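Given next are the chains, with one letter for each unit.
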Amino acid sequence: MTSEQEQPKSERILSEIKLHKEHRKVADVDEPVLKIVIFSLSGESYAFAGASVLEILPVDEISPIPGTPSCILGLIVLRGDIESVVDLRWILGLSRGADDEGIVLLATSGTVRSGILIEEVEDVVDVPRRSILTAPSNLDAGVREFVAGQLEYGGKNVTLLDLEKIFARVEAS
Amino acid sequence: MISSAEREELETKELRLLLFSVCGIRFAADADQVSTLRECNLQESVPPAIPFHEAIGYETGPVAYRRPEICTITGEAGQCSFMIESPEDIATVAWDDLQPLPTLVEPFAVRWGIWAGIPGRHGIRLVVDLDRLATSRNLWRAQGDIS
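Sequence lines, in order, name chains A and B. For the first sequence, our numbering assigns the number 1 to the initial residue and increments by one for each residue that follows. For the second sequence, our numbering assigns the number 1 to the initial residue and increments by one for each residue that follows.
Chain B extracted, bound-state conformation (with noise of 0.2 Å):
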């Protein structure tokens, strides 16, 4: 049982997520582990990115971005940037308002940075943390490899 103070903390402590779809699947990521985000020429040489549904894990057959945009995470590793449908909204959420997952899902979900949910009318949106996705998938580049 928290305590009247650590509930106060969670209903006032908040976090600033960066909300999208992914092959109809909804997902929010710390808006703060974003350093850049842009609008993917698919022009482009060189692969920029790598498509955010391929990077979680979600088996399927080919997918069609509509409107994809590159997001670059910077760590200590180096940049990740991943290939995602244009954000719907930036939001700012209480952490009250975050789940955890139920025990048979978490320890499957955590390994590929999926760590909460916000349930809603209109579903659960998965809550990621890129920063670990990345760091488990292996993802990270070295600055500068990323064009």
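Looking at chain A on its own, in the form it has when it is part of the complex (with noise of 0.2 Å):
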């Protein structure tokens, strides 16, 4: 009798599985992965890199401010601290929704924050740098400027915005 047949077969099959499943574990652990947050504007999904994404906030209450480009919503009071709030769908080119009620993302990038006003968090995942693609060309011309990637996330093609690029259109306004 051989040690393969000595060794029942369902324990060679648990220890085939453990093995590969290992073998996947560091496999996954190499792999560069990205943290994003995705969500949802006008119908589309789009997502941030996680790493700017300091805080999701229900939106309470948007103070207006006169005087200032129709991209900045306008400031809201966090935590005693004053932050403004960037209209994401003006900058993108997007309709505006029935409802502006919403979500606001603080988020950073360099030595600027601000408060990006969308309208639902889908997820936060870690996704496979490898999965990011470069953005189709068909991509409409509003958008493109702002695009960092593209990628399928839950049957449903993601738009990985470049947050660097959103404030700089801010700023420039």
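Mixed in with the good hints, there may be bad ones.
[As the list claims (entries may be wrong)] Simulated restraints on C-beta separations: (1) B:D32 with A:P136: 57 to 67 Å; (2) B:A5 with A:T134: 48 to 58 Å; (3) A:S173 with B:D96: 23 to 33 Å; (4) B:G120 with A:N157: 41 to 51 Å; (5) B:A5 with A:D140: 50 to 60 Å; (6) A:T134 with B:V63: 45 to 55 Å; (7) A:P58 with B:E76: 43 to 53 Å; (8) B:E88 with A:T134: 47 to 57 Å; (9) A:K165 with B:S136: 26 to 36 Å.
These aren't lab readings, by the way, just hints derived from the structure by calculation. Quick caveat: nothing in here was measured; it's all calculated off a predicted structure. Note that CB positions come from ideal geometry on N, CA and C, so glycine has one too.
Dock the two chains into a complex; use the hints.
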């Protein structure tokens, strides 16, 4: 009787499964991943790099501020501090929703920090960097200049946005 | 990082502010800049003052001031009068309670004289420098031009 024959089949299968899973774990750890915050806006899915999103806040009240460009919705108070809120829909040239209520992502890039009004957070996930592809050329021109890449998640196309470019656009308004 | 002496100075130094609202937006202005404040007589033949919402660049439809008052400031360049809603109060605020505006907003707001905010439970009160607003909008009139 060989050693293989001595070991019950179930044990052999189990060992192989464990070995395989262990290998996959190592592979998963080695694979570079990017945490992203996926959110919806005008019926589409977008994302920011998770490292740039500091907080996800329900919108309470946005105080308008005169003399600012249309892409700045106003100011909010967060734990006694004043933060600005940017209208991402306006920047991307998207149509306004029926309901302007939403969520504010407090995000940062370089020395700039601001809230960004979105509709709903869909997910916060780690995705393999290799799954992020170059944005397709048929993407809407208004959106394309702010795109860092595109990926498929949950059966949907998700457009990864470049926060630095979005803030730069607001500053140049 | 500020020193404890600087912190103490911020906490003890105060600003006297005229508090008022226009179009539902809450404002505060340095009361020391205001030379006169009087009720607006809507029968006056000469338009006495620029409506504050126009001066501050708040693009909205027609605005009716319910209890208008004329707030006049006097400077080296002359006088400037704004029509504002009747002030809510004059309050003394510690410098430490004033907050700089966020990086994205400040460059735009400061052009209209808005230089700080006071966060509160009911939102944010915008602190406006009336002298700077009058200068940036070229609103000064030689004394005597304003009735």
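Here is how each hint holds up against the structure:
no. : hint                           : verdict
1   : B:D32 with A:P136: 57 to 67 Å  : holds, 60 Å
2   : B:A5 with A:T134: 48 to 58 Å   : holds, 55 Å
3   : A:S173 with B:D96: 23 to 33 Å  : holds, 31 Å
4   : B:G120 with A:N157: 41 to 51 Å : holds, 43 Å
5   : B:A5 with A:D140: 50 to 60 Å   : holds, 55 Å
6   : A:T134 with B:V63: 45 to 55 Å  : holds, 49 Å
7   : A:P58 with B:E76: 43 to 53 Å   : holds, 48 Å
8   : B:E88 with A:T134: 47 to 57 Å  : holds, 55 Å
9   : A:K165 with B:S136: 26 to 36 Å : holds, 30 Å
The structure shown violates none of the earlier numbered hints.
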